[in-house]
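Asker: What follows is each chain in one-letter form.
2 protein chains.
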Amino acid sequence: MDVMEAKKTRIFKFGANSADGDSDMKNLLGGKGANLAEMSAIGIPVPPGFTISTEVCTEYNELGEDALKELLKNDLRDAVASVEGIMGAKFGNDTDPLLLSVRSGARVSMPGMMDTVLNLGLNDVSVVGLAEKSGNERFAWDSYRRFIQMYGSVVLGLKPESKDDMDPFEEVIDHLKDKREITMDTDFSVQDLKDLVYDFKDIVKKGTGHDFPTDPWEQLWGSIIAVFNSWNGNRAMYYRAMHGYPADWGTAVNVQAMVFGNMGDTSGTGVCFTRDAGTGEDQFNGEYLINAQGEDVVSGVRTPQQITKIGSERWARLAKIDEAERAANYPSLEELMPEIYKELDSYQQQLEDHYRNMQDMEFTIQDGKLWILQTRNGKRTGAAMVKIAMDLLDDGMINEEEAMLLIEPYKLDELLHPVFDPKAIKKANIIAQGLPASPGAATGQIVFFAEDADRFRNTILIRMETSPEDLEGMNKARGILTARGGMTSHAAVVARGIGKCCISGAGALKIDYKNRKFTVDGKEFHEGEWLSLNGSTGNIIEGKVATKDPELSGEFAQLMKLSDKFSKVKVRTNADTPKEALLAREFGAEGIGLTRTEHMFFESGRINVMREMILAPHEKGRRRALRRLLPMQREDFEGIFEAMEGLPVTIRLLDPPLHEFVPHQLATQKELAEEMHISLMAVKNKVAELEEFNPMLGHRGCRLGNTYPEITEMQARAIIEAALNLKAKGITVKPEIMIPLVGTVAEFDAQEKVIRTTAEQIFKERKDTIEYLVGTMIEVPRAAVIAEKIAEKADFFSFGTNDLTQMTYGYSRDDADKFMPIYLKKGILNEDPFKVIDREGVGQLVKMATDKGREVKPKLKVGICGEHGGDPSSVEFFCSIGLNYVSCSPFRVPIARISSAQANIKFGC
Amino acid sequence: MDVMEAKKTRIFKFGANSADGDSDMKNLLGGKGANLAEMSAIGIPVPPGFTISTEVCTEYNELGEDALKELLKNDLRDAVASVEGIMGAKFGNDTDPLLLSVRSGARVSMPGMMDTVLNLGLNDVSVVGLAEKSGNERFAWDSYRRFIQMYGSVVLGLKPESKDDMDPFEEVIDHLKDKREITMDTDFSVQDLKDLVYDFKDIVKKGTGHDFPTDPWEQLWGSIIAVFNSWNGNRAMYYRAMHGYPADWGTAVNVQAMVFGNMGDTSGTGVCFTRDAGTGEDQFNGEYLINAQGEDVVSGVRTPQQITKIGSERWARLAKIDEAERAANYPSLEELMPEIYKELDSYQQQLEDHYRNMQDMEFTIQDGKLWILQTRNGKRTGAAMVKIAMDLLDDGMINEEEAMLLIEPYKLDELLHPVFDPKAIKKANIIAQGLPASPGAATGQIVFFAEDADRFRNTILIRMETSPEDLEGMNKARGILTARGGMTSHAAVVARGIGKCCISGAGALKIDYKNRKFTVDGKEFHEGEWLSLNGSTGNIIEGKVATKDPELSGEFAQLMKLSDKFSKVKVRTNADTPKEALLAREFGAEGIGLTRTEHMFFESGRINVMREMILAPHEKGRRRALRRLLPMQREDFEGIFEAMEGLPVTIRLLDPPLHEFVPHQLATQKELAEEMHISLMAVKNKVAELEEFNPMLGHRGCRLGNTYPEITEMQARAIIEAALNLKAKGITVKPEIMIPLVGTVAEFDAQEKVIRTTAEQIFKERKDTIEYLVGTMIEVPRAAVIAEKIAEKADFFSFGTNDLTQMTYGYSRDDADKFMPIYLKKGILNEDPFKVIDREGVGQLVKMATDKGREVKPKLKVGICGEHGGDPSSVEFFCSIGLNYVSCSPFRVPIARISSAQANIKFGC
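Protein chains in written order, with our numbering: chain S, 1 to 909; chain L, 1 to 909.
None of these hints come from the bench; they were simulated from the model. Note that the coordinates shown come from a computational prediction; the quantities given were computed from them, not determined experimentally. For every residue, glycine included, the Cβ atom is placed at its ideal position computed from N, Cα and C. All the pointers check out, no bait thrown in.
So, partial list: chain L residues that the calculated Cβ filter (under 8 Å) puts toward chain S: (1) P695; (2) L697; (3) R703; (4) K818.
Isolated chain S, as found in the complex:
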């Protein structure tokens, strides 16, 4: 071994207010090791220990076990001695044993991918010492049997070979439970635990041919090697491959003293937050229990007590417990252990100052000594997130950029939609789960048909799937629940647009329209019964749950204003009505990126005119119906233009297959036939004729406009006339006419010609003109491939990333629920590409098309109006490749604005 090798530091100690490393050394010490070193170095009392560096992992892989032991031997003894010194306990000692934990720690968190061993150092002798020291024989033996089980499994490899086999240790436990006629681990007596230890050791003997190692050093070596080995285990390799982490990173090993909060009345354990995670209020708070382990605090078996006196008093008021009883039975830590509290309070301040963010800490008091086990940035509600960021900014602790980056854009949803009352929701019974299709909380009485949506005061509309015919009912219902369809199904898209709570794809629901009921797990729910939906989580809850309406705080306004300072990429909205447009404008939308003209045709009084147009056997009949539709569309556009005065409004021409407009139920078909004075058979024939095998790839988009140019003509006329009418009133209008589903230049040319010819004619008729643009959706892969040719003609591009994702992947978004969940579970997909833009594939096409388009038209305006326009990660991507705007549903506008600002801060775009 050469001299340099010998001198290299392989083990980095921490504890007692000092450390060999710090938080910048993540590559060498792993994330966990670096953080423990950092805390220790700034004077936080973390249980002492040491980190074996990631380089040693590499050395081990190269040199093997024996050489590694030789390499580390002296340093390891020295490091353990140092821990013993700080803890005042001895490793392997039979009266006051030092117990250790051994954990992996790569440079990034790989939760559950590698192995951990706890309670290391126990054997038949030291278990007795632990029992005496803790005064808790049960605890000592339970720890011991758990240690053997964990060690046996992790280090000695005694685990089931396949999913179908039993774990050998669990098999013994089950057997003993049967014998004792008990069901819970906690029902075991001390003798039972001792019997288990005996049996477990027997399993080890039989399984390995050797006795269970009683030498703590042998235990320690075994565990270290096991952690290193787990770096190349199947789970870890798979996880690395999935995330693209290289194998040569290696893992560090963290060895740390175990501390116990259950060693009597001078011990305890708790969790605390530097600020209120619910409201963001700057108030230290948390819960603890005396003589308890971490899991006792969260398990609910004992009622945890409050850390601060003020918190304790507030808790008692809510729980209706009087002050005397509170002080006697549920004293705060502040009252019970004032010195410890004072120490804890100083650490929480120190840690928040240090990490400049709200902290979530775990601590344990062992025998009157406070240990901080962990600190991390605390999870918080959307409201707390905004308040904390603005407070920290106002206090000068962070700058504006840092404040912006503290925002998780998705969480703003919580601020914009109703939420369940936190107390009411605790008792909720979740009966099933679906996709969180549109956020918010809703509670109401069940109905199964759109026309029943106003049958009760508050209704939940339940459908297999929704169709445009259900639009009115969806508007009236409190929430929408569908058994089929994904995140971009009709129900989901519409619900997000109108800010309505929606859960889609809840496959467990068996809907029985005829009997107006649904069944889930054998239980029936009938029309009129109460149901609650959490559109943010996908939870479907039995019964009525109280909801709270959102209130937008001053901090929210402050944040949105701040975002404007940074965001360069504009945010528009997808809006089909003046109401939606106005709402989005309030949320800061800078224009409309997508108006779906077809939604307007579904209103009653219009749908039958539309149907008349579709049923007409020739152009003349279509034109007759279109003449009746014209004034209606013109009025729609006038309303939207007025709402968006001065801002650009992109209007997409008719897009969906005509099949969506015709009635599919016999009764409605009969009605239509009577109204139109034609035979029922004629209606049925037309409906059948319009049916398609793959409607997504069928007769829709500009294929309609190119086969029936008179439709385009009517829509162009409605837009241009509406614009001129408003111009006459002194209102500035900037119409952008968008042709959907263009795949060839000729398709665009033919539609553009109809639009421009119509406009010119109107200009002549009115003796007035208006500026307008004619652009195209880029949503068919072919359009992206030939974008440079389309750009020669089109005034703007708008990516329809829903369709583009469908066609680029070949995934029907309505059918993907057949395989997508399995793909996500198996890691074949990391994300649902309909939710988060697929940068590698679809994103590459978006970038390619943008670049090609700008090659021929450098100032080409390029936006995106698919559902991805409201997803933060996707917005970041679109900003980074130079799009001019993103467009999303009104309630997503604030989220997109923040995302745009963050992208600017991160990438200068």
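Given the coordinates of chain S, assemble chain L onto it according to the supplied hints.
Answerer: Frame of chain S; chain L shown alone:
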């Protein structure tokens, strides 16, 4: 005007065995002008005339009409004088008037896009001269009224403004017919024609404010200007845009003497071929009529006579006319005008030698003088095409490359499939038309259900669309006819694979399964009635039509052998059975590019095992059924491997959605439920569960293999075991396992792992190994976009251009018939992209993926196995971008081989 301008040659004369231009001057003289010059220069007596060059067109566009007249005036007079000299007639003369034609002529043929004026030079005086000279007053006046009508429309613009308006001249004609109570133009008397001339001149006067020009020079100028103007007319501009021809090419104007074959008994007209267009035999042949115009020969009003004596005698034998009557009433030209015949015969030899190809000539004899009006390469049957090419090659008239390029690959179809007896088909009554989905002719009795396909000796199977369940019946029927579906529908693909005649998408058929009949245009056709199909044209014919089986000639073998000398890009076949594989091998396939494993599951005895697998609620049940399918699949593969001994065989893993395998009819569902001892409801539920909105974008391809890896495992095992079994028999097997519908690297990885793990296990079991490849289809656009990443893992790429076209365009091939016909008609698409590869879009993706793949793996094997593999233009493209092979259905293999050879000759690829 500068001196250089004045010297430029603007008018190029031809006639009397000399010419100012030749056939290389197409850009300057246009195609027609250059060819007329060429013929004249080599001594062929074409009616004299002159060509005004394309440059003059440009000059006209720049300078305008007056300047043009000044520029051309002298040259034009000179050129007309030259024509007068040769013809011995005078332009505008009242006793022997020279009549002229004025035609456009761009450098490429643009049929019908520009204007023509005939019989120019007639007026009230010269019409009398013409009547006298021809001895046919009716002809003279009819020519005159036609001239006024044509000139009025083309030059003076007197035509209907919209489709709905009447042509003013036709209106007068209709009016006169009503008055005379006649229906045909030929029923007009001379006086009627004179009246029409009077009325027509009146229309001109009223429409233009001027008298009809009687000055022939004014007529000539007007016509020249009109032709130049038509270059920038709507039709021509549209045509240019569609084909990408630049506007600055301009058109030439050809002015030529008119000659007439109806000037008495020393006049005549005819068409002739230098070889037999039906058989290719080297025998001069053709038809003529004395005292007739061109249209008389083809109209059938008079029986045309044969040119040669030998032809005439053969004709008489077939028509059962005895020699005396033949010689008296139908003498050959050879007998009737031996001198003229001799002259014609020498020209036909000269022209074939000159153009080195079989010629189709038109001639006119005017007053004993022979004029050759036109020669062009003659249309011919597939058999004639092959024979002529090989004969010309054997005679040393052309070299091997030229012989190859004389082949139109598509025409080989005629040689490989039955055709209708030419005589029988003449009387055929076409009742409807569909898409020519699979070539050949078939005649048989109508059946409507696959299981009835052997109900009669010869059957025509008629379905709305076919499904894999119909496979057996399709095999038994003579021909297949579907009312729905496109060129790549199930029926079309299967039919081409088995070389069966098929017409798809015949939308006019209303099928009534219940009553076993179909209706078309109100007429009913019942089961058992006779019907005939022409799969090469799409014609559906009433009744029984005799067919002829194909016979492959020695020349065909010679041609195919020759093609091997050139073709570099290999041709494989798509084959699912040993029979297909052997057939394709006979046709020269160099391997299998696509075996669709799912087709094997539809055989009786298998389909229910497959259904059992699908209906199994868990993996265990699926594995049980798969164990039963394994030996069947293994046997299939053994058969195919044996048939293709020594050649590579690409096997695609299960691809279609499971929905295609389950029964959809109640009766079959009941049967299955009974057989599997489960409830009908369970079967119905599963069938419903498998239903998809857009099955093309649903749970299929490797998405099946990745959700049910046990299917992939079974298929991999069947392939590898089959290969090892044959290896043991000394048969060389080269399996290439192909994963369908891959869109992400992880999808490929997961499937590859299953395959390789299975193979390794078998190698261990058998203690033997075999070489095999694991590659992927590239058919999802995303796969093309990330091809460089997939190439790192895959051994080969095979483009599935059917699906790639579907997804790149967003066209469902089963639904595209809703808009594709309109798109083709409007010129929004030039070709059906499912038939001919779309080079601009889909082709760009194919090229991009190939290039990206070879960037990381320069030797990557890349092929294509979509339907385009049998289309000549597509094969040419695939060759040009460097693919290693194309794969097509067996009957297309010869076509692809020729196409590959031609691509090599043209592009060296």
